[in-house]
Amino acid sequence: MVRGFGWAAAFPDEVWEHVFSFLAADADRNAVALVCRAWHRIERRSRRRVFVGNCYAVAPAAAVRRFPEVRAAAIKGKPHFADFNLVPTDWGGGAEAWVEAMAEGWPHLEELRLKRMVVSDDCLELIARSFKNFGVLSLVSCDGFSTAGLAAIAANCRSSPVHTSVGLEVAILVSVASEGVNELSLVYLLLSSADIPYLRNLRELDLHENEVEDNCLNWISHFPESFTSLVSLNIACLEGDVNTSVLECLISRCPNLKTLRLNHAMPLEKLVSLLQRAPQLVDVGTSKFSADHHPELFSKLESTFAGFKHLKSLSGIWEAGPTYLPAIYSVCESLTSLNLCYATIQSPELLKFVSRCKNLQRLWVMDLIEDNGLIAVAASCKLLQELRVFPSDPYGVAPPISLTEHGLVAISAGCLMLHSVLYFCRQMTNAALLTIANNRPNLTCFRLCIIEPHTPDYISQEPLDAGFSAIVESCKDLRRLSLSGLLTDRVFKSIGASANRLEMLSVAFAGDSDAGLHYILSGCKNLRKLEIRDCPFGDKALLDNASKLETMRSLWMSSCSVTLGACRQLALKMPRLNVEVIDERRGRPLESWPDDFPVEKLYIYRTVAGPRSDTPPCVWTV
Amino acid sequence: MEAAGESLRDTELRLGLPGTDAPEKPASTVTRGGKRALPEDDEEGYAKSNKSSSSSEEEQGEGDLCGHEPPAAKAQVVGWPPIRSYRKNSLHARKVEGEAAGLYVKVSMDGAPYLRKIDLKGYKGYKELREALDDMFKCFSLGEFPRKEGCSGSEYAITYEDKDGDLMLVGDVPWEMFISSCRRLRIMNGSEARGLGSRH
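Quick mapping for you: the protein sequence lines, in order, are chains A and B. Residue numbering for the first sequence follows the UniProt record's numbering, starting at 1 and increasing by one per position. Residue numbering for the second sequence follows the UniProt record's numbering, starting at 1 and increasing by one per position.
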């Protein structure tokens, strides 16, 4: 046996790189990097994918320096509660710092995925011209850019069928020219004429639920004629009209197109003629699915969809009425993913449609499906893994829908592979939750939102502690949980004790005292993200569990009972946490406020980058 | 907690009749009545931390004003229920396009002392609309309504204001397009309207 780590040197670096390439999880790669200096060096040079869960947790330059050969980066910005308008719009999460650092240090970057970040048009332009081999751009829940920025991306797209053949040409010419001509200069000549630095292969442009300003109506026409490499295009979030004929040309010349998600604005007739050009599509998001009844349009729609031999995923279907939905029955059988959460179809039609989708694995739907609909789904869709039911009328101004706990119980009983649930409803019982827990111990994600805060079990009038406790005790692999309804500290005791795999917990209008928070922070071994609003949790629990916070990605607390004094103490005690106090009303600086000042919103996250330099006026890093 | 809330309710200023009450959903946590309070002003809102804190932006609940309005439109809590703002905007925008609520537009007639309001969704096409307007304004009209498009030789012409604010002659565009862009209707004197029609 070789003493020490000399054996590491017995193999060339490439061998270790190859070995490490089998480690998919970042945690494993991180562990490997700690073994010895050689492995640290080899690992960091061979890491190709980086995921930054909190853009402020590390300085962009540091990340780029540590991993110089990254090809795919995913970065997240604002806290999750920004989705519900709880985070001020100027809070931060700007992408410039990252894009600039990446443009400088990762010129070979191929994939960039940003979520909940503020991306400017300048950023998009920088992306467009900085990465030679850029393939995938995904922007999810971002804002700050416009269609002019998209035009810049489009304009810089080019397809390179000559990519490999250029290399070949170079090799031939070099061998031919080795007699008397300077090899190097010949190579330079060839390279520059082939225009390699500007080659790109954009395959995927994914714009998911972004707020995009519409100021460049024809941005799609900026894709050059030579551009043919598109595989996935998702423009569902764009509000404005998109030039259909330009889009048709684009689609026609991209034979590898598999995913096409259009936006609401396109009329149904245009949609049909567009889709006819791409029968190879696997994932389709339609535009507006309502129009006056025209038999001709109906049959065109019918034949177009019948032509989809490989369709697995369907979404869009905005405002679908009963008129045109039957035209697409032919694809139901093959669908594995169906997103009808913008379709305002009523239950009977919805039921007819969904119960034909025997192979469905993922279903996103409005509560218009009602209990009856879900019972039908439970009977027909035996392969269902993920269900999301959204409220059609969240503010309760219309007559109530007949969607109750019964629907979810039926699904839990009938769909044996169900592991992920998001369910909005107005009533729940402990008994129902117990049944669900017993039926589906394989749940990994359970998010229940009972629309009215503090709603008890409507039969027993008890808090829903017993029900949610049953969920965490039975579902040993639960990774994500959202609570709602009337809840006391008892439920937190169960969660702290049983939810060992829990990574993300969302709590609102729950608990009686600090004990609740203490149970969570002193338990839940694998907790990464905790977000709390409107709960009576305060200083003591926070300070008693200060070190826990460094094991987590972030903690959000708003409208709780935390004081400024506790934040100051926490910040002092834990230098590797950024303790951000957010207060949108006060004009005076934080330093002048006393310790007992109640904190409106608090965002705590671990970081190696220190306090950030881009805090807006309403945010103070304590 | 509830008891304190009830006594507070007694002291609330309302515009409803005495004895009528905005029907409350059980376990409503929204701080009721009055203006939105800041934490140091509203001891109740902050100390009773089970309630949703008044530090969230709460709109005036309509239920406070009309005691008999069923069901009470409660003051909304910011960010609750937790729906993506993107979804809210989309849903709202679609609803506003007139799905369930109907598309009410004002109808004015030159010379008539008051206006009317009609629901454009209630008509299948131009013919029905004209017939309805004829019926509605019979008592004011001196001549017959134009039965066909254009206003040649008739006393009155039906025009509308579209979403850009322009005055347009009714009947040019497909019905669906018309009802999505019409903001109000105006029955004009034939002589004034001739300028509109004569271009075609």
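Note that these hints are calculated values from the structure, not bench results. We put the CB at the ideal spot given by N, CA and C, even for glycine. Watch out, some of these pointers could steer you wrong.
What the hints assert, rightly or not - Computed footprint of chain B on chain A; a stretch qualifies when at least three of its residues, placed anywhere within it, have a C-beta under 8 angstroms from a C-beta of chain B:
#1 329-340
#2 425-435
#3 602-608
What the hints assert, rightly or not - Here are the simulated BS3-like pairs of lysine-lysine, each with C-alpha atoms no more than 30 angstroms apart in a straight line:
#4 A:Lys-270 <-> B:Lys-127
#5 B:Lys-163 <-> A:Lys-270
#6 B:Lys-138 <-> A:Lys-300
### Query
Is B:Lys-138 within 30 angstroms of A:Lys-300, Cα to Cα?
45 angstroms, violated
### Query
Okay, the segment 329-340 of chain A and chain B, do three or more residues pass the C-beta test at under 8 angstroms?
violated (count 0)
### Query
Counting residues of the segment 602-608 of chain A whose CB is closer than 8 angstroms to a CB in chain B, do you get three or more?
violated (count 0)
#### Entry: Pair hint outcome, A:Lys-270 versus B:Lys-127 [Cα-Cα no greater than 30 angstroms]
28 angstroms, holds
### Query
Holds or violated: the segment 425-435 of chain A covered by chain B, criterion of 3 or more residues with Cβ-Cβ distance under 8 angstroms?
It is violated: at least three residues are needed, and the segment 425-435 of chain A offers just 0 whose Cβ sits closer than 8 angstroms to chain B.
### Message
B:Lys-163 and A:Lys-270 were given as a pair; does the straight-line alpha-carbon distance stay at or below 30 angstroms?
### Response
Within the cut-off at roughly 24 angstroms; holds.
In this structure, the earlier hints numbered 1, 2, 3, 6 are contradicted, and the remaining ones agree with it.
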